[in-house]
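Visitor: Listed below are the residues making up each chain.
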Amino acid sequence: ETGVTQTPRHLVMGMTNKKSLKCEQHLGHNAMYWYKQSAKKPLELMFVYNFKEQTENNSVPSRFSPECPNSSHLFLHLHTLQPEDSALYLCASSQGGPNYGYTFGSGTRLTVV
Amino acid sequence: AQSVTQLGSHVSVSEGALVLLRCNYSSSVPPYLFWYVQYPNQGLQLLLKYTSAATLVKGINGFEAEFKKSETSFHLTKPSAHMSDAAEYFCAVSERGANSKLTFGKGITLSVRP
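These protein sequence lines are chains A and B, in that order. Going by the numbering used here, the letters in the first sequence line up with residues 1 to 113, in that order. Going by the numbering used here, the letters in the second sequence line up with residues 1 to 114, in that order.
Extracted from the complex, chain B is given alone in its bound form:
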């Protein structure tokens, strides 16, 4: 069975500061890993995904994540936070195969202080 752990429920950073959102996964086979973002009153939007190519994955809006197998981690980072980054962020894992499905973490809310 696959699972995702996102520790904490809320992260607050100052505008211009580093953003680091943590994600650890559990999977019995090599996984696919994803980060999604949800703005208020909207659905989820794909930020980036890891599907076994480069371990450092770049996504939209300046975000990136690094797959570390030894740590079973896929942390999301952005060098400089912007006010528009305030949202809820979800890490997700899936196993490979046509009938696999996404399992989401509980999400973490990012606040950006002026």
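Chain A with its partners taken away, still in its complex shape:
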């Protein structure tokens, strides 16, 4: 148990579906992150939340919509995705920034068909 839990672990969705990814941390951290990990590419930072406020949107298409209702929960709402959005989506949390390192969840493997 890493302290950061992501559900579901696997998700297959059609391009017209709407689904949500969930991330929950029990570490008392105040920052949460969404990363996209595609084959053969570096991890891509998507969104950053500090104390529930979004502090970074790294030019992510609007078909990805994050939500952070409190410091322990982070969602990624998905709609009208494209096949190239298939990837491993990783959630991470940290306390006050990355100098203590991030704690990652196990990820959601998303396949868009």
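Calculated directly from the structure, the hints in this document are not laboratory data. Computed from a predicted structure; not experimentally measured. Virtual Cβ for every residue (Gly too), placed ideally from N, Cα, C. Don't take every hint at face value.
Stated by the list, open to error - Just a few of them, taken from the derived set where beta-carbon distance is under 8 Å, the chain A residues facing chain B:
#1 A39
#2 K41
#3 Y49
#4 G101
#5 S106
To be verified - Derived DEER-like restraints, expressed as beta-carbon distance ranges:
#6 A:S65 to B:A53: 24 to 32 Å
#7 A:Q95 to B:G62: 23 to 31 Å
#8 B:T72 to A:G28: 28 to 36 Å
#9 B:K69 to A:T5: 34 to 42 Å
#10 A:H10 to B:G62: 26 to 34 Å
#11 B:P114 to A:A39: 23 to 31 Å
#12 A:R109 to B:H82: 42 to 50 Å
#13 B:H10 to A:R109: 20 to 28 Å
#14 B:K58 to A:S38: 29 to 37 Å
#15 A:K40 to B:L20: 30 to 38 Å
#16 B:G62 to A:T7: 31 to 39 Å
#17 B:T109 to A:R9: 20 to 28 Å
Claimed, not checked - So these bits of chain B aren't anywhere near chain A, every CB distance computed over 10 Å:
#18 V11
#19 L44
#20 K58
#21 E66
#22 T72
#23 H82
#24 A86
#25 K106
Using the hints provided, position chain B relative to the given structure of chain A.
Guide: Leaving out everything else, chain B in the frame of chain A:
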């Protein structure tokens, strides 16, 4: 802007051999540096980090890394590879400050031969 370079995509060593994974960084200010490991179907796990204390940093599973400012490097080593070390390894850099964020290298896959 900060960046990390991990040359090559795959390293193969024999069990019991030295492991050396290279990482070079670029940062306009003194950085924090990290190595993470990712096992199949899992998230990333922190191996070790450099935050301006000792330049030789020891981490979990027998790994260590040395910060060399003159070479802008933070190479990861382990004296004797074990089969369980087979995984993907990521080097990452961040600048100091509350709103800084991690920038990852593209990762390198370590294979361990029996």
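Visitor: Now look at each hint and say whether the structure bears it out.
Guide: Hints versus structure:
no.	hint	verdict
1	A39	violated (11 Å)
2	K41	holds (7 Å)
3	Y49	violated (12 Å)
4	G101	holds (4 Å)
5	S106	holds (5 Å)
6	A:S65 to B:A53: 24 to 32 Å	violated (40 Å)
7	A:Q95 to B:G62: 23 to 31 Å	holds (27 Å)
8	B:T72 to A:G28: 28 to 36 Å	holds (34 Å)
9	B:K69 to A:T5: 34 to 42 Å	holds (38 Å)
10	A:H10 to B:G62: 26 to 34 Å	holds (32 Å)
11	B:P114 to A:A39: 23 to 31 Å	holds (27 Å)
12	A:R109 to B:H82: 42 to 50 Å	violated (27 Å)
13	B:H10 to A:R109: 20 to 28 Å	holds (22 Å)
14	B:K58 to A:S38: 29 to 37 Å	holds (32 Å)
15	A:K40 to B:L20: 30 to 38 Å	violated (22 Å)
16	B:G62 to A:T7: 31 to 39 Å	holds (33 Å)
17	B:T109 to A:R9: 20 to 28 Å	holds (22 Å)
18	V11	holds (16 Å)
19	L44	violated (4 Å)
20	K58	holds (15 Å)
21	E66	holds (18 Å)
22	T72	holds (18 Å)
23	H82	holds (22 Å)
24	A86	holds (18 Å)
25	K106	violated (4 Å)
Violation of the numbered hints given earlier is confined to hints 1, 3, 6, 12, 15, 19 and 25; the remaining hints are satisfied by the structure.
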